[in-house]
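Residues per chain are reported as follows:
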Amino acid sequence: DGGITQSPKYLFRKEGQNVTLSCEQNLNHDAMYWYRQDPGQGLRLIYYSQIVNDFQKGDIAEGYSVSREKKESFPLTVTSAQKNPTAFYLCASSILDVLNNQPQHFGDGTRLSIL
Amino acid sequence: ILNVEQSPQSLHVQEGDSTNFTCSFPSSNFYALHWYRWETAKSPEALFVMTLNGDEKKKGRISATLNTKEGYSYLYIKGSQPEDSATYLCASNILTGGGNKLTFGTGTQLKVEL
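Quick note, the sequences are listed as chains A and B, same order. If you want my numbering, it's the position in the first sequence, counting the first as 1, plus 1. If you want my numbering, it's the position in the second sequence, counting the first as 1, plus 82.
Since the hints were derived computationally from the structure, they do not count as laboratory data. As the structure is a prediction and not an experimental result, all values here were calculated from the model. Heads up, a few of these hints could be off.
For lysine-lysine, the following DSBU-like pairs were computed, each having C-alpha atoms within a straight-line distance of at most 30 Å [stated by the list, open to error]:
1. K58(A) / K10(A)
2. K183(B) / K58(A)
3. K124(B) / K58(A)
4. K183(B) / K72(A)
5. K10(A) / K124(B)
6. K10(A) / K183(B)
7. K124(B) / K15(A)
8. K124(B) / K72(A)
9. K10(A) / K193(B)
Residues of chain A clear of chain B, computed beta-carbon distances all greater than 12 Å [to be verified]:
10. V20
11. R45
12. L46
13. S114
14. L116
Ideal Cβ placement from N, Cα and C applies to all residues, glycine included.
With the sequences and hints as input, model every part of the structure.
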């Protein structure tokens, strides 16, 4: 089945440690996105990419890094510089969409907690 | 309105009731309004993407309307069923210094009881 796979489902980070969240899609979508959800808040955009080897910062990019070496993969690294990383992270993809009129397809999410 | 706002925050209805909720968004530089359904332990699923003022879309018992001039959209569910229980998210583009990106509301959590 076509879709988006995020792994792991749950992740624990020690203080000062970098961790990487995986996102893979087989929908042949050009655009991919990373969102963060905190209690009582809407999904907030961390990074997005519209083409391989290119990506842009979203609203809350500080403390995060991404890469887009392959069309189907868009991993997110939560660095030690992110002081409040505990959250639920969602990855999404869509047909290339500069006007935001294409629906986004989401993965099941990764819940990150600090030990 | 500078953000995307949804109301109510939560809603409890009885099976068979019809219900509706609201999404408010900035009307300037509007491009699109998205509705998603997010069931517990699943991933958000796209319901509608609406772009034109006066647009109405329907999917089974769920429908949505769009008013881009005043910056609001309504989502209606007719004859609610327990399987409609979910959080309903709306998102609209907001032009920022970083470009044209979707901004999500906090969602309306719907619980349909037997």
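Worksheet entry | Separation of S114(A) from chain B, once the least beta-carbon distance is taken, above 12 Å | 17 Å, holds
Worksheet item: Taking 30 Å as the top limit, are the C-alpha atoms of K183(B) and K58(A) close enough?
Response: 11 Å, holds
Discussion item. A cut-off of 12 Å on Cβ-Cβ distance, and L46(A) was said to be off the interface with chain B. Does that hold?
Written reply: 6 Å, violated
Discussion item. Hint check: K124(B) vs K58(A), CA-CA at most 30 Å. Holds or violated?
Written reply: 26 Å, holds
Item to complete: Could you grab the alpha-carbon distance between K58(A) and K10(A) and see if it respects the 30 Å cut-off?
Response: Holds: K58(A) and K10(A) sit about 24 Å apart, inside 30 Å.
Discussion item. Would the hint linking K10(A) and K193(B) be met if the CA-CA limit is 30 Å?
Written reply: Status holds; Cα separation ~25 Å.
Practice prompt. Given the hint that K10(A) pairs with K124(B), test it: the Cα-Cα distance must not exceed 30 Å.
Written response: 12 Å, holds
Fill in: Reported absence of R45(A) from the contact zone with chain B (all CB gaps over 12 Å)
With a cut-off of 12 Å, R45(A) comes too close to chain B, as the shortest Cβ separation is near 8 Å.
Discussion item. So if I understand the rule, the pair passes when the alpha-carbon distance is 30 Å or less; does K10(A) with K183(B) pass?
Written reply: 26 Å, holds
Item to complete: Quickly compare the C-alpha distance for K124(B) and K72(A) to 30 Å and report which way the hint goes.
Response: It holds: about 24 Å lies between the C-alpha atoms, which stays within 30 Å.
Practice prompt. Decide if the proposed pair is consistent with the structure: K183(B) and K72(A), CA atoms, cutoff 30 Å inclusive.
Written response: With Cα atoms ~20 Å apart, K183(B) and K72(A) stay inside 30 Å; holds.
Discussion item. For K124(B) and K15(A), compute the direct alpha-carbon distance and say whether it is at most 30 Å.
Written reply: 27 Å, holds
Comparing the model with each numbered hint stated earlier shows that hints 11 and 12 do not hold.
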